[in-house]
Amino acid sequence: MNILFRNVRVVQPESAWHGQTIDIFIQDGIISAIGKALPDGDAEVIDMNGACVSAGWFDMSVRSGEPGFEYKEDLQSLCSAALDGGFTGVLLMPDGAPCTDHKGAVELVYRRTMHSPLRVHSAGALSREMKGEELSEMYDLHLAGSIAFTDSARPVKNAKLLLLAMQYAQSFRRPILCISMDAYLAKGASVNEGPEAVNLGMKGIPAFAEDISVNRDLQIAAYAGTPLHFMNVTSPAAVDQIAAAREKGAGVSVSLGVHYLAFSDQKLNTFDSNYKVFPPLRSEDMRRELVRRVKEGQIQILTSDHTPEDREHKIIEFEKAAYGITGLQTFFGVVCQTLGTENLEKTLHTFTVAPRQLLGLEVPRIEVDAEAELTFFDPEAVWTFTREKNRSRSENSPFIGTEFKGKPLGVYTRRQWVRSGL
Amino acid sequence: MSRLSTEHLLGIKYITENDIHTLLDTAASFKEVINRPIKKVPSLRDVTVANVFFENSTRTRLSFELAEKRLSADVVNFSASGSSVSKGETLTDTVNNILAMKVDMVVMRHQNPGACVFLANELKKYPKSAHARVVNAGDGTHEHPTQALLDAFSIRNHFGRIEGLNVLIVGDIMHSRVALSNIYCLQKLGANVKLCGPATLIPRHIETLGVEVEYDLHKALQWCDVANVLRIQLERQDIKYFPSLREYAMQYGINREVLNRLDKQITIMHPGPINRGVELDGDIADSEHSIILEQVENGVAVRMAVLYCLASVKE
Numbered sequence: 001m002n003i004l005f006r007n008v009r010v011v012q013p014e015s016a017w018h019g020q021t022i023d024i025f026i027q028d029g030i031i032s033a034i035g036k037a038l039p040d041g042d043a044e045v046i047d048m049n050g051a052c053v054s055a056g057w058f059d060m061s062v063r064s065g066e067p068g069f070e071y072k073e074d075l076q077s078l079c080s081a082a083l084d085g086g087f088t089g090v091l092l093m094p095d096g097a098p099c100t101d102h103k104g105a106v107e108l109v110y111r112r113t114m115h116s117p118l119r120v121h122s123a124g125a126l127s128r129e130m131k132g133e134e135l136s137e138m139y140d141l142h143l144a145g146s147i148a149f150t151d152s153a154r155p156v157k158n159a160k161l162l163l164l165a166m167q168y169a170q171s172f173r174r175p176i177l178c179i180s181m182d183a184y185l186a187k188g189a190s191v192n193e194g195p196e197a198v199n200l201g202m203k204g205i206p207a208f209a210e211d212i213s214v215n216r217d218l219q220i221a222a223y224a225g226t227p228l229h230f231m232n233v234t235s236p237a238a239v240d241q242i243a244a245a246r247e248k249g250a251g252v253s254v255s256l257g258v259h260y261l262a263f264s265d266q267k268l269n270t271f272d273s274n275y276k277v278f279p280p281l282r283s284e285d286m287r288r289e290l291v292r293r294v295k296e297g298q299i300q301i302l303t304s305d306h307t308p309e310d311r312e313h314k315i316i317e318f319e320k321a322a323y324g325i326t327g328l329q330t331f332f333g334v335v336c337q338t339l340g341t342e343n344l345e346k347t348l349h350t351f352t353v354a355p356r357q358l359l360g361l362e363v364p365r366i367e368v369d370a371e372a373e374l375t376f377f378d379p380e381a382v383w384t385f386t387r388e389k390n391r392s393r394s395e396n397s398p399f400i401g402t403e404f405k406g407k408p409l410g411v412y413t414r415r416q417w418v419r420s421g422l
Numbered sequence: 423m424s425r426l427s428t429e430h431l432l433g434i435k436y437i438t439e440n441d442i443h444t445l446l447d448t449a450a451s452f453k454e455v456i457n458r459p460i461k462k463v464p465s466l467r468d469v470t471v472a473n474v475f476f477e478n479s480t481r482t483r484l485s486f487e488l489a490e491k492r493l494s495a496d497v498v499n500f501s502a503s504g505s506s507v508s509k510g511e512t513l514t515d516t517v518n519n520i521l522a523m524k525v526d527m528v529v530m531r532h533q534n535p536g537a538c539v540f541l542a543n544e545l546k547k548y549p550k551s552a553h554a555r556v557v558n559a560g561d562g563t564h565e566h567p568t569q570a571l572l573d574a575f576s577i578r579n580h581f582g583r584i585e586g587l588n589v590l591i592v593g594d595i596m597h598s599r600v601a602l603s604n605i606y607c608l609q610k611l612g613a614n615v616k617l618c619g620p621a622t623l624i625p626r627h628i629e630t631l632g633v634e635v636e637y638d639l640h641k642a643l644q645w646c647d648v649a650n651v652l653r654i655q656l657e658r659q660d661i662k663y664f665p666s667l668r669e670y671a672m673q674y675g676i677n678r679e680v681l682n683r684l685d686k687q688i689t690i691m692h693p694g695p696i697n698r699g700v701e702l703d704g705d706i707a708d709s710e711h712s713i714i715l716e717q718v719e720n721g722v723a724v725r726m727a728v729l730y731c732l733a734s735v736k737e
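Protein chains in written order, with my numbering: chain A, 1 to 422; chain B, 423 to 737.
Simulated from the structure, these hints should not be mistaken for lab results.
Predicted model, so just to flag it, every value in this text is computed and none were measured.
Some clues are possibly wrong.
[Unchecked claim] With the C-beta cut set under 10 Å, the calculated list includes, among others, these residues of chain B facing chain A:
no. : residue
1   : Asn440
2   : Asn534
3   : Glu544
4   : Met596
5   : His627
6   : Asp660
7   : Lys662
We treat Cβ as the ideally placed atom computed from N, Cα and C, and that holds for glycine.
Please put together the full structure from these sequences, using the hints given.
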């Protein structure tokens with residue numbers, strides 16, 4: 001089946017067509033021609049009216065409820081939400097019951113998503129049952145298809161275990177992803193330490209609980225001499241430590257869920273658990289600092305950190321509520337809202353090229369003879385995220401009812417054109 | 423009678439200075455009522471109040487129940503142990519079920535901060551429950567508004583005013599809901615508030631509320647007109663915040679010797695129950711310095727005022 005996208009503006013600095021408005025002809029999933037006023041041939045013609053196109057987007061941190069909590073999200077609804085949000089690939093965190101600490105779980109994900117246009121990659125658990133006690137069978141997971149290892153949102157308390165994981169993964173060159181947080185300083189608290197926590201009568205997690213733990217993990221990485229990726233670093237000072245190590249040549253990098261750019265702990269004054277995330281939303285000052293660090297490149301990767309939770313775990317008392325928010329469909333809207341669209345190609349790099357480079361995946365190219373894996377979007381389109389548009393099986397999004405400027409229009413991937421319903 | 427600006431009493435931070443004055447003035451009339459030979463008035467006849475307690479309480483619950491009965495309300499009591507909560511029912515479901523039995527007001531004590539705010543917001547979503555009034559009888563380490571009101575009422579009765587007084591709150595500020603509500607309430611009424619206790623029990627950033635912190639008990643007591651001594655909340659501590667009760671008493675316990683060293687007489691308050699010999703010595707609690715039992719008496723009048731004023735707020 002052939003398809004011709006007319007009038008699209010290429011936003012992909014790596015492509016020779018960057019900045020030009022052209023037509024893209026796709027034949028059997030391969031870009032067969034790029035240029036102005038291409039002939040229709042026998043193709044289905046879709047006029048994009050000057051919308052943008054880039055390499056397909058990649059979300060490096062998503063969670064599904066399957067296996068175990070299919071009522072929160074199954075792999076099908078996850079794929080549907082991701083495609084709707086403009087993604088052509090995701091990295092699935094190992095959360096699940098059972099978690100992805102054995103090859104059967106990787107195979108399940110593969111089997112359940114092989115026919116979806118979305119490429120779903122599995123991250124394996126770093127430790128057995130993600131308990132942080134002993135290594136999982138990482139090599140076997142790697143053979144089954146895990147492309148990274150992590151205990152997801154659970155910080156690895158045991159420094160020795162983190163070191164062993166990094167050393168062990170060296171032989172098969174798979175990255176380790178971690179969340180750094182001092183467990184004792186964070187214990188018993190679920191919000192940022194600051195004036196807002198005082199007002200809420202709640203104990204807070206100080207930002208330096210991240211700083212000292214990032215410091216520890218940087219030293220472990222330096223000792224092991226292997227790369228380490230830090231997820232959701234919400235303390236600007238911790239981001240700076242990682243940036244300094246990176247400047248000295250360490251193979252370390254940072255990713256951040258975009259809700260940390262959108263919200264600060266001021267949102268907590270109604271005890272709405274849709275703002276309960278881990279690490280916690282930081283102060284307004286720190287939020288601004290994080291935005292600046294994304295713009296300046298100290299934070300290299302943006303994610304949705306999509307974490308579906310059902311009502312029974314979310315619409316309850318704040319301290320009892322589960323952490324996390326959904327975000328696949330609102331990701332691009334939040335990106336445009338918080339970072340603006342002036343430097344779009346640099347922003348796009350954080351969810352097209354950067355995560356794939358980290359994970360050793362090929363970056364889709366906009367060139368003749370390349371396999372077509374494209375995301376179409378309009379950074380100017382205004383739209384509202386509503387409950388009806390939500391494709392996730394969970395509704396724990398603080399963005400329901402929010403108006404955004406910047407909208408994914410659809411993706412072409414794995415020989416299929418999927419129009420976004422947003 | 424002037425009206426409250428709010429439908430619920432979720433915390434002192436959510437009400438105005440005027441609301442506080444209205445409640446204290448109303449409490450003064452009810453205090454007169456409960457000292458009559460016949461203590462009961464028909465003000466809340468045909469109003470049903472549920473006391474929903476997810477956490478143990480003796481005096482607050484008793485005080486509310488007496489307040490409700492003296493206003494002629496119908497009262498039902500619910501406690502978490504042995505209820506459907508242990509079967510996994512959510513808070514919203516539990517309260518909606520109670521309200522479905524035609525209950526008008528919910529007085530709730532809960533172990534989680536913000537539980538009452540959450541509940542009030544949730545009930546708005548259910549047409550059959552939207553009429554209900556919620557009174558916070560203590561939510562975790564967040565607020566305990568009726569305690570702050572009765573403390574303010576007791577201070578006003580004792581001194582004839584609140585504005586300009588120096589009020590010290592001593593002890594476990596971090597694990598106390600009384601402290602936060604008291605700070606909001608006293609500040610709205612124009613008192614100066616200072617906190618004193620071991621640094622491990624003073625929340626960081628507390629000074630953003632406009633209070634001062636003094637770690638030296640003698641200096642703090644010397645400054646104040648009233649010292650509100652808080653109970654050490656061992657049950658809410660996830661780690662030991664000080665080495666032992668003995669050592670706490672050595673540094674922050676208030677006893678005769680400590681008071682004798684002051685060059686003035688101060689008034690002692692305590693929200694109860696007292697750990698005698700820890701934060702406060704028994705003979706001080708029972709002495710002429712203490713207005714602790716007045717606080718308890720005033721608690722009933724203040725809670726009558728809260729229930730009465732909220733019941734008369736129009737939807």
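A quick look at each hint next to the structure:
no., hint, result
1, Asn440, "21 Å, violated"
2, Asn534, "4 Å, holds"
3, Glu544, "7 Å, holds"
4, Met596, "7 Å, holds"
5, His627, "5 Å, holds"
6, Asp660, "4 Å, holds"
7, Lys662, "13 Å, violated"
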